[in-house]
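A.B. asks: Residue-level listing of the chains:
Protein chains: 2
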Amino acid sequence: MSDFTTKAVNSIRVLAVDTVAKANSGHPGAPMGMAPAAHILFSQLKTNPANPAWINRDRFVLSNGHAVALLYVMLHLLGYPISIQDLKNFRQLDSKTPGHPESETPGIDVTTGPLGQGVSNAIGLAIAQANFAAKYNKPNFTISDNYTYTFFGDGCMMEGVASESCSLAGHLQLGNLIAFYDDNKISIDGSTNIAFSEDVTKRLESYGWEVLHVANADTDYQGLSDAIAKAKLSKNKPTCIKMTTTIGYGSLNQGTAGVHGSPLKPDDIAQLKEKFGFDPTQSFTVEQDVYDYYATVAAKGAKANAEWDNLFDAYAQEYPEEAEEISRRLSGKLPENWEKLLPVYTSADKALASRKMSEVVLSKLEQDLPELLGGSADLTPSNLTRWPDAVDFQPPSTGLGDYSGRYIRYGVREHGMGAIMNGIAAFGANYKAYSGTFLNFVSYASGALRLSALSGHPVVWVATHDSIGLGEDGPTHQPIETLAHFRAIPNLMVWRPADGNEVSAAYKVSLESTQTPSVIALTRQNLPQLENSSIEKASRGGYVVYDTKDARLILAATGSEVSLAIDSAKELSAAGIPTRVVSLPDFFTFDKQSHDYKKSILPDGIPVISIEVMSTYGWGKYAHAHIGLDHFGASAPAAALFKKFGFTTEAVVEKAKKVDAFYAGKSVLSRLDTPF
Amino acid sequence: MSDFTTKAVNSIRVLAVDTVAKANSGHPGAPMGMAPAAHILFSQLKTNPANPAWINRDRFVLSNGHAVALLYVMLHLLGYPISIQDLKNFRQLDSKTPGHPESETPGIDVTTGPLGQGVSNAIGLAIAQANFAAKYNKPNFTISDNYTYTFFGDGCMMEGVASESCSLAGHLQLGNLIAFYDDNKISIDGSTNIAFSEDVTKRLESYGWEVLHVANADTDYQGLSDAIAKAKLSKNKPTCIKMTTTIGYGSLNQGTAGVHGSPLKPDDIAQLKEKFGFDPTQSFTVEQDVYDYYATVAAKGAKANAEWDNLFDAYAQEYPEEAEEISRRLSGKLPENWEKLLPVYTSADKALASRKMSEVVLSKLEQDLPELLGGSADLTPSNLTRWPDAVDFQPPSTGLGDYSGRYIRYGVREHGMGAIMNGIAAFGANYKAYSGTFLNFVSYASGALRLSALSGHPVVWVATHDSIGLGEDGPTHQPIETLAHFRAIPNLMVWRPADGNEVSAAYKVSLESTQTPSVIALTRQNLPQLENSSIEKASRGGYVVYDTKDARLILAATGSEVSLAIDSAKELSAAGIPTRVVSLPDFFTFDKQSHDYKKSILPDGIPVISIEVMSTYGWGKYAHAHIGLDHFGASAPAAALFKKFGFTTEAVVEKAKKVDAFYAGKSVLSRLDTPF
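So the protein sequences, as listed, match chains A and B.
Everything in the first sequence is counted per UniProt numbering, starting at 1 for the first residue and increasing by one.
Everything in the second sequence is counted per UniProt numbering, starting at 1 for the first residue and increasing by one.
Do not rely on the hints blindly, as some may be mistaken.
[Unchecked claim] Here are the computed lysine to aspartate or glutamate pairs in the EDC-like style, where the Cα-Cα straight-line distance is at most 16 Å:
id	chain 1	residue 1	chain 2	residue 2
1	B	K666	A	D673
2	A	K666	B	D673
3	B	K202	A	E205
4	B	K621	A	D630
5	A	K202	B	D199
6	B	K658	B	E571
7	A	K135	A	E324
8	A	K655	A	D567
9	B	K135	B	E322
10	B	K202	A	E210
11	A	K658	B	D673
12	B	K643	A	D94
13	A	K202	B	E210
14	A	K592	B	D630
15	B	K592	A	D630
16	A	K644	B	D94
17	B	K655	A	D673
18	A	K350	A	E531
19	B	K644	A	D94
20	A	K666	B	D604
21	A	K643	B	D94
22	B	K658	A	D673
23	A	K202	B	E205
Read the hints as simulated data drawn from the structure, not as lab findings.
Isolated chain A (complex conformation):
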């Protein structure tokens, strides 16, 4: 390719180096090594800086997110609202250019950084695209055909979450996914040969990927370009372009861990600029022809976007229903009155496991909510996440489903599933990704879950078998710390519904959420339908579900313990200790209510006892005493366990009496009142 290509590539390298040096913090090596791939790829990226949300844009995910200086440089060149000043503010307080990619910055499709997540997100993006295309494309109307590209490094490939996702991507034959593996053979500890001697090509091939190799990706621009072209021909396999690069290409320390995570020294930067034909006395300068070149790329993207707009107008003529649905989904709105589909229960309705009531909700919603894209980590018959007659999301060649299917067989891959859900949510089009596993195994996906919360992806975890109530499988499967863990994550709803109306409420609030993910904890065992529950009340996160005049004790419970609390309260009230029961299905939602409302539920002067069959850690924010399980569970039938561990009316009443006696004559402040 031309000298101009070299110049553009080196301009990217130098600008990334300046960015990291100015911050005196960051990672110059990977941007320098991947600059050629970035230039070649972004030259043909379908992207419109004037409309970063365009649904048919190509997606780009920087899975090795520490190389973010490269991405900021590319977005700057393309004309996204990242200025030279923003580059100079790299990693500074309140800048647009934080230390890892954050999706708040326009042009950044996914928040990345924790290794292995980004490539998994990219697989989610590709799944969503395949589903969207299969659902809405019509003859002569290719509404959706974008590619998803991702860059990842050795670190990503070492992470299990990437293994899980890549194996699934191969199974799903995602030809719309093109991944660039930065094979630079360096990680923080030094040469990758100290820990990572596997054959990555062979491994990806074993998953069903196409793997291409650009042996000298430092300068073989044509090779990179050819590889992309070839990858696009691979319609039934995801492609990995393994590009062998030199980390920190051009630095005096190129090819070593020394250029990974520290800025280049001034003399090194000087020699680099000189070597590349730049003025070593200048920083943050880009020649006009490079800007001009990228302006033509952006213009091509804008033109493609305009053509797509026209196509969509014509589509709307031909397929008004589909177009309306697409428009609704692009606006991020659910269908009007969708919540009327949610089942409502009375106490006359029969007891059911809340996992079963969750299945009823999904079955009621699926037809009206085409954005529901569900699945399970190989526990479908346990999680009950699949509505009757759901079509599996599968490559048509398998004969097991097709890409318009909305049920994903994730396999036993919880972490990959979580990261893929984030990618599906990031695609847009109002995708509501949900998926199931046992509550205890959502923890396997902790890394992805906190990124859902940080990125504001409103995904839903259907987390069944939510306590020792799962019984015989025993302590390896019984969550204890899990709810505390999740409740401590900012911007995460953690629902634990007590009956059918509360299950409906959990789905109502979760699906209406646009920025907050949810975990919905559900039982294996049956729960009675409560007398005083309602979707409306439960949607506030906490409410009085049983009351007694002049209550002097409150039992605050969630999920399967609410009916136990009500039984106990009745007994206590009869025994002369008037007792109220508060159901707290979601702390996050309850905390957002007005102070007055919350105080009406948990007022001053009344001691509160929490009842929840797992760790009491954290309940101190509402309750003065706790009935819980601050140790691991055991293997036995559920009823035997509840009895053994003191979750019976008798045991609760006994403890409640102790609380009543303890606080007699003492002034009791509501835990809701705090000095600041």
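Given the coordinates of chain A, assemble chain B onto it according to the supplied hints.
C.D. replies: Frame of chain A, contents of chain B only:
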């Protein structure tokens, strides 16, 4: 092979089926499919039921732990203390035979069940064996040469944690590891072809494994036996014996998901017994010749153990120092006075990052504690987990170290690392496994961490970059919920030391622990040495680190916030609000102190304000008001972040004054007093 082999195999199948049926809960299919492999393997297992702790016994890990009925049957046949009555109590309260393998049961080497963990534990066991052998074997004195065997299924292979561990095992060339892959092509959702179409053989080969295939492992006993023999010849590669089996072999529903997780129906059991030549009216019967056969296996194991005892006696003559060290280690004791090696600081000593002080501890201890076996997930220069001149644990052929080395280059594989540490701890010989990553990324290993706690493996996580104090890397790397998560796990210490003496205390208590794992959270940034800290005081988990006469306010803090609390207390005291500061480096240890001691630290009548630069969730157990971070962090230099988020003396003093005013005239109960 003989008819007897068939009879023995079918006896195992039938007994496992009876066990599951009696419990009316459990998994019959996998035991039935893997019975041939179990019989062939256990026939040659070096195991001594009279001495389950024998250090040179072969290890066996059932990674697909749901097949535990098989393991109980094998232990029963071998003469381990599992009776027919215990089999009849399968999955019942307080039985020896819980629903998944738990290491409290003699003969069970590791607690398993959560998929992917067991195979990783096995790799840890193999690492420990290789290290133990390299350290202590001498010419003519092969003290250690046991194999580690594991059975795993499709579910394990789908889990990322297994990918991480298996890749590392290949790199480490662990010829002492032999894994049996139960290729039965069925998972809970049905045929594995719905989610798992990868080529497992090719994948394991890509990691550097030897893979053998027994195409008909339902009946090809000779093939299984030959495969084991061949695997033992593979000295520089772990071997996987892929055995194609029929899940539920013999059942009317064999080969389907129907036999995976539910007991066989009575008529199915009847036809099975008849088909196999057993009396369908009998249950839980084993013919004497099968017992006799396994008695000879156990006798062989006892003989091998006795020979080893003799060998060790002779070894002790020749190598008294090594023998003494081995004996000490086998007794589970640290060297006498080892704690004198721990560094002690005064306030005159210079400020250091606590990660650096951790490095000092490791450097002081390593020579006297040969059981220290450390590592890092590719963050060695950040975690500072490697003492100077440490030898890497590496295959000698790499030229990068040898198996006597005690520093493991785990690669970016946190979950695998955690599970491997559990395996190392399970080996015995007092191995003290520790390893490093950023605190935030310990969460990737949640699945393994909770199993450390459940199993009582006293492993140590060196968790650096423990807050927004890591600065520029930003919110993707900054823990918020992490300490709450870990503190809610039963039987887990979560240290967050404030200075050098507290770092020493954290290591002292962690390394002395025999049943409780630890996470030690350490700073990237410097911390001053405190005036009133000591190893002794900090070893109680909480103590008064700064006091003022007639204190009417307490600031309770951990780690980097303790010095901030002291500065704030000084200012408050000077301003007429006498203030105490309590350092709480570990809640778990503090909670174990006497009530009187704890009340002396946090007495009635004084409001407590917690200060910790992450989620306040859970602090209600000690504190009445909280200064924390109930939202995600940001990317900027650390000092800018502490200021932005209110972690300055000025901001703390202002909030403390509000607390003082709020509680003026109110009666304040210590949060330590509870009604039950």
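A.B. asks: For every hint, state whether the structure bears it out.
C.D. replies: To see whether the hints hold, each was checked on the structure:
no., hint, verdict
1, B:K666 with A:D673, "13 Å, holds"
2, A:K666 with B:D673, "13 Å, holds"
3, B:K202 with A:E205, "8 Å, holds"
4, B:K621 with A:D630, "13 Å, holds"
5, A:K202 with B:D199, "10 Å, holds"
6, B:K658 with B:E571, "15 Å, holds"
7, A:K135 with A:E324, "14 Å, holds"
8, A:K655 with A:D567, "14 Å, holds"
9, B:K135 with B:E322, "9 Å, holds"
10, B:K202 with A:E210, "14 Å, holds"
11, A:K658 with B:D673, "13 Å, holds"
12, B:K643 with A:D94, "13 Å, holds"
13, A:K202 with B:E210, "14 Å, holds"
14, A:K592 with B:D630, "13 Å, holds"
15, B:K592 with A:D630, "13 Å, holds"
16, A:K644 with B:D94, "10 Å, holds"
17, B:K655 with A:D673, "15 Å, holds"
18, A:K350 with A:E531, "12 Å, holds"
19, B:K644 with A:D94, "10 Å, holds"
20, A:K666 with B:D604, "13 Å, holds"
21, A:K643 with B:D94, "13 Å, holds"
22, B:K658 with A:D673, "13 Å, holds"
23, A:K202 with B:E205, "8 Å, holds"
This entry satisfies every hint, going by the numbered hints stated previously.
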